[in-house]
Every structure is written in structure tokens, then in C-alpha cells.
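Just need the whole structure built from these sequences, with the hints factored in.
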Amino acid sequence: MIKTCLVAVDVRHPKAKREYTYLVPEDIASSINIGDLVCVPFNNIKVTGVVTELFDFIEKTTDYELKAVISKEAISLPMELVDLSKLLAEYYGTPIVDFLKLMLPPKVSSKTESVYSVCSTDKVISSRAFNQKRVLEYLKNVETATVHDISENLKMPIASVRSALTALTEKGVIKRDYRVVRRRPMVITTNNICEHINLTIEQQNALTTIIKNFNDSKRTTLIYGVTGSGKTEVYIRAIENVLKAGKKVIMLVPEISLTPQMLSIFRSRFPGKTAVLHSKLSQGERFDEWQRIYSGEALVVLGARSAIFAPIKDLGMIIIDEEHESSYKNGEHPYYDARTVAEFRAKKQNASLVLGSATPSVESFYKAAKQEYSLAKLTKRVSGRSLPKLEIIDMREELKSGNRHIFSRKLLSGMKETLEKHKQIILFLNRRGHSTFVICRDCGFVLKCKYCDIALTYHFEDKSGKCHYCGYSIKAPDICPKCKSRNIRYFGAGTEKVEQEVKRFFPKCRTIRIDSDSTSRKGSLEKMLLNFKRGGAQILIGTQTVAKGLNFPDVALVGIISADTALNMPDFRSGERTFQLITQVAGRSGRGDTPGMVYVQTYTPESFAIRAACNFDISGFYQEELKIRREALYPPFCHMLNIVFKSRYEDLIKKEAEEVRQILYQKYNNDIEIYGPVPAPRSKIKDNYRYNILLKSKQIQTLVNICNHMQILNNNRKVDMSWDMEPLDLL
DNA sequence: CACCACTTCCTA
DNA sequence: AGGAAGTGGTGT
1 MIKTCLVAVD VRHPKAKREY TYLVPEDIAS SINIGDLVCV PFNNIKVTGV VTELFDFIEK
61 TTDYELKAVI SKEAISLPME LVDLSKLLAE YYGTPIVDFL KLMLPPKVSS KTESVYSVCS
121 TDKVISSRAF NQKRVLEYLK NVETATVHDI SENLKMPIAS VRSALTALTE KGVIKRDYRV
181 VRRRPMVITT NNICEHINLT IEQQNALTTI IKNFNDSKRT TLIYGVTGSG KTEVYIRAIE
241 NVLKAGKKVI MLVPEISLTP QMLSIFRSRF PGKTAVLHSK LSQGERFDEW QRIYSGEALV
301 VLGARSAIFA PIKDLGMIII DEEHESSYKN GEHPYYDART VAEFRAKKQN ASLVLGSATP
361 SVESFYKAAK QEYSLAKLTK RVSGRSLPKL EIIDMREELK SGNRHIFSRK LLSGMKETLE
421 KHKQIILFLN RRGHSTFVIC RDCGFVLKCK YCDIALTYHF EDKSGKCHYC GYSIKAPDIC
481 PKCKSRNIRY FGAGTEKVEQ EVKRFFPKCR TIRIDSDSTS RKGSLEKMLL NFKRGGAQIL
541 IGTQTVAKGL NFPDVALVGI ISADTALNMP DFRSGERTFQ LITQVAGRSG RGDTPGMVYV
601 QTYTPESFAI RAACNFDISG FYQEELKIRR EALYPPFCHM LNIVFKSRYE DLIKKEAEEV
661 RQILYQKYNN DIEIYGPVPA PRSKIKDNYR YNILLKSKQI QTLVNICNHM QILNNNRKVD
721 MSWDMEPLDL L
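Going letter by letter, the first sequence gives residues 1 to 731 in the UniProt record's numbering.
Hints are computed from structural coordinates only; laboratory data are not their basis.
The C-beta atom is built at its ideal place from N, Cα and C for all residues, glycine as well.
One should not assume that every hint holds.
Unchecked claim - Label pairs and their computed distance ranges (CB to CB):
id, residue 1, residue 2, range
1, Lys389, Ser516, 43 to 49 Å
2, Leu23, Arg682, 45 to 51 Å
3, Ser516, Glu397, 29 to 35 Å
As C-alpha cells, then:
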């Protein structure tokens, strides 16, 4: 009997990224299974791939001769994960290997890479070979480089850097070496805190709901629990129950490195059984953790977005903490959403799903309201602590009465009072740097990035204008580059400015500033947070990182410097984001014995998102938001697909995007609404123009069909085209 | 029309 | 990745 199989090969080139049929040689025919990793001949090289299908015959007669599998590797993926990949590949209109790769250990997908260097300079290069000359010049400067280094730095298409390299190598001007990617061993620091607390009645009820759903219906449970209501303890008890039933658990958190507390709690409650997966692990660390999961040693996987692909066979439960967080959506290809993957995966492996948040996403709230999810509420903080008091401060009134500072009078006196009581303060502002733009008062010139269509942010520390999108930086000018005026002013406050102002009003006060400028060094964020917790500073000034599940008992006052920043983003989720942000930031206050006070400064106090957040009117907010979404046709009342075009040539984008629009219009017009092509809100980044076509449809299947159609349309396109299913933002 | 530098296509 | 086939410019 002749056996054949389909193999999804791991090659970089988009057009070759498919499944191919291979013959199965007799010596492995009896042992080969779906999910096995195999080595196959591909053109004239050998590549690894995953077996996705097996046949007991030659599937169909072909006009080419089948090649045979060379060998089988030790690793194989559970069949359920291969099935899941097929489902996801179809849903997102993406080659199946892109998902299989997320499930495999890093060693398999990393290979040796070719490194080129100059070895002889006395050979003559034809005067017509411009590319060869450019490449040679570049190599002389940097000494060694890979194909991808060169194509990125010289902005050449991969195929033409490559042919130049081949030509140069043949002439003996440069030589090729191989470099192996090295891995480092894993280092774990553990400090155990293990407290078994008695559950409150609300916690007990939530746990009962989760367990009931786990035992029979496998329905999804949404835990809506106010900040500080003890969701983590409920998760842990639920996990204990799942483990007792002989099943395993995946728990997703927004970014594990931000919550070392969570990790130490898990390590102490499930000693030796917890594996961690997140983006900051080294390749070696990731490999080790993967092996611990694969071998069955780890029963609980705690991790960020990509941990949803952990190689677990007997999965009983998936928990997604801070369910509303946008970091669960992958911002690049493949544009998967870990929440959607979790839903698919739970269904496939007959596991139950638990979502938890103090500010559930509008989509999840809607599903709970429609009884699709079971809803469990935790309305009280543990140990009888009260929720903080929030007060809106109308900054227009402050201006009218002559206060032009970034702090309102109330916030200022609140700060003074809190400092006198030796309690701590958090000031929140979602912008780093000093000033958000630099403008000439005389001619209106705004300092912009050379490569992006973005205003430069002024940074006081090195007196520079920086682009927060590409990193471009110049010395801030004293005179206007356009009209030579000296009347240059800095507008829009960032965290640096807030810190300066604090120092001005309270010269003796110690401050810590947390943003990506001050925490660029590895581990410095953790140190700064610990320092603040121990009282090393009275005031913490920070961007969104301080908004997340941190716990500082001595914080009595929180100031939101500008609640409008998130609100004014050109995005249909801006209201939801603002509501979530205020609620989450406010939740940092009054975690100890001190009742908390929160001042919310805004120029739009009438905004319902701000008012609802300040009144803890969660159902009021969702009702209003759902009403708006229903009227304007936004999720959860429709599905969306954003098609993104990127290119250095704007006219080319316009032409090709218009072509795609025409095709979509002709084929799918009955089922979809088409918006665009229009320039994206961030219309140019790193010298690449960006255009969007946004599609809305009530039928998800239509959008799935379009995704798969896009794969075909993507062939032979000169501009970079990608498609983002259910995008979180359109920037 | 031979020769070349470079691009595009294709992989089972 | 790397070989084959295709494109288009140049020199005699």
C-alpha cells in the first residue's frame, strides 16, 4: 500500500508557504502521524515541516513526480493543535505554517543563517552593476551582514541584494560563512508568598459558577470583578479543581513581566508545575519551558498572548485575565486575537473558558447580557475596603479662572494634603516625553518627523525632538527652521513635564517616573515599582504601565492629568478605552487601609465615558456604548476586516488599493460595506505610506472568504498588503 | 544577435 | 534558498 502525506513546510517566501504532497517511505509508514515533524526535500534544499494530513493512496494523479519524506523528527504536535491551526488558517486567511510555527519550540524554526563579509578588494566590478557596488560599500563598512541586514539597510528588495551577493561571492570578492543562533540557559528567581485566604461569598459564588461550567456545559464564564476584589484567588481555586480532574490549564495575562507577583503566587501554589511563556524570554528559556509543557511536567501554563498555543494535550481550562486588554491581539501578521483562538481551542479540546476583568470589553459584556456567557460578579473589594472616590475636574473652568497649570487647584491641594499625611500619590498621563509638539508661534510651523507623518515630541532630558514611531531624533531648534523666528513654544504635556511641575511645586518631594524612556534597561521597571512600594518616593508619575494590576497599599491619591488623550483618538473604541483606563487607574488607589481619592482632569467633562467611569456606572456605560455601536454599526453588531496597504510610493498604493476595492465591490457588494481606500490615521511611518480599506459585514463568513481571496490577490502585488480580521484599531 | 546584469517564477 | 527562465539594455 502506498502512503502519502501533506506537509506544511516552513519557508520564508509567502508564495511557497503551502502544504505539499510527499510520499511516505516504508520504514516510517507505520509510525507516521498527523502532527509529526518531518524533514523533506524542497526544490534543492531540505526543510522541516509538519504533517497535516495522511492518505493511504496517491491522492490524485499529478503531472509531477512526488518526492519522499526524508526522516521523522522526535517532536510531534498533538492532533488537536494541527486541527486548530487548520481552523485558524481558514479564519484568518493565512498559511497554516504561520500558526504551526507558534506552537513549535524555537529551536525548530530557528536555523543557521548565512553571513557575508569582504575578503578581497582588488577585483574589478562592472560599472553597470550598481547594486553590487552598493552592497560591497555597505559590507566594507559593517564587516559582516546577513541578506536581511542588507535588504533592510539599503532598502533593496531581497531578491536583488541576493543576486548581487551571489555574483560577488562567485567573483571571490566576498565570502559566505554560517552563523548558528546561540541559546542561553534559564534563570529563575523565586520569592514565595503563599497565603490561603478564606473566600468571600461573592468569590465562592464565582468559583461555583466556573466549576459548574467546567463540569458540564463548558460554557464560558465572564467574571466581572471590581479592582481589588480578589479575582486571582478565584482563578487559583478553579485551577486546583481542574488539576484534580486530571486536566491542565492555560492562564493568559496581559504581560507577565509586569506582574512578577502573579508569577510568584503561581510558583508557590503550584510548585514545580508552572511554566511561563512570554515575549521577554530568551530562545533558550522558551525552549526549556516548551519542553516542560510538552513532556507533561508543567500542568499550568502562565503566559502572554502566544501562550494560547502551548502544546498541551489534556487541556481542561483556559483563563484570560484582564480580558479587555488590547495586547491579546497580535499587531502584526498573523493578526490573531488570543481570545478568539482561546474560544476555538476550548471548543476543540472540550475545555472551558474563563474571562475576567474589572472593565470587560464591550463585546464580552454584550455576550454576557445575551446569556451566551455566564456572568459572575465580584462587586466588593476584599477585606471590606471601600472603592475610591472619583471627582471630575473641568479644566475649562480652571482656565477661565486664570489657572494655566497642568494641575488643577483641587489636585494641587490634594497632593499637598496627601504629602503631609505621608501617603503616596500616582499621577497618570498617557504620554511620555516633555511636550507633545513643538510649534512656531509666528508661522505655525510644527516640527515633524522626516520619515513619518507624525509631530515630534520634545524631550527635555536631551533637548531633542523624538519620533515615537520610528525613533528618529534631532536636536530641538531654537529658531524656527521655516521663518527664523525665535518664538518657538512647546505644547501638550508629557510625563517629563509633569515631573518638572511636581518638582517646582514640591521641591523636596522624591519622584519616580515610569515610562518607556526611563525603563528601557532590563529589569529596571521591576526595581522602580519595588522602590516605590517601599516608600522610596512619594509620587509616581507614569504612562499606561502604572494603570495595570499593580498593588500599592499606601497610595491615597491618584491624579489623571488628562482623561481626554485616549478619548480624542480617531477610533470607535476611544470611549471604551477611556472608561477602562479611568477605572483601572482609579483602582490603584485606596488598596490599603487608606480610602482613595481620584481626580480626573478633563476638557470634556460631559463625555459619558468619563462620567460613567467616575460614578462607577458600569451598566450605564455599556448601555450607552452599545446604543452608539448599534446605531453606527460597529462591533459587536458587525464584523470588521481592515485591509492595510504599505509602500514607499504613494501613487502605487492608491492604484493597487483601488484595484482591490473594485474587485471586492464586484464580488461581495451585497454582504459588505466598504470604506476606503483612505490614508490611515498614521498616514506615513518609516517612509512607508499606509492606506486602509475597512470592511464591515454582518456575516463573519463573508469576511473569512475575503481573507482567503486576499491571499490570492496578494500574489504579484508591488505594495505590501495585509489583512487584519476584527482589528482593534485602525491606526 | 551574442552577451550581460538583473528580475521573476517556482518549489510536490 | 537557489536554479531556471524571462526581460531589457548594450556593443559589435
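Consistency of the hints with the structure:
Restraint check, Lys389 to Ser516: a C-beta distance of roughly 31 Å breaks the suggested window 43 to 49 Å. For Leu23 and Arg682, the Cβ-Cβ distance of about 50 Å falls inside the hinted range of 45 to 51 Å, so the restraint holds. For the hinted restraint 29 to 35 Å between Ser516 and Glu397, the CB-CB distance of approximately 33 Å keeps it satisfied.
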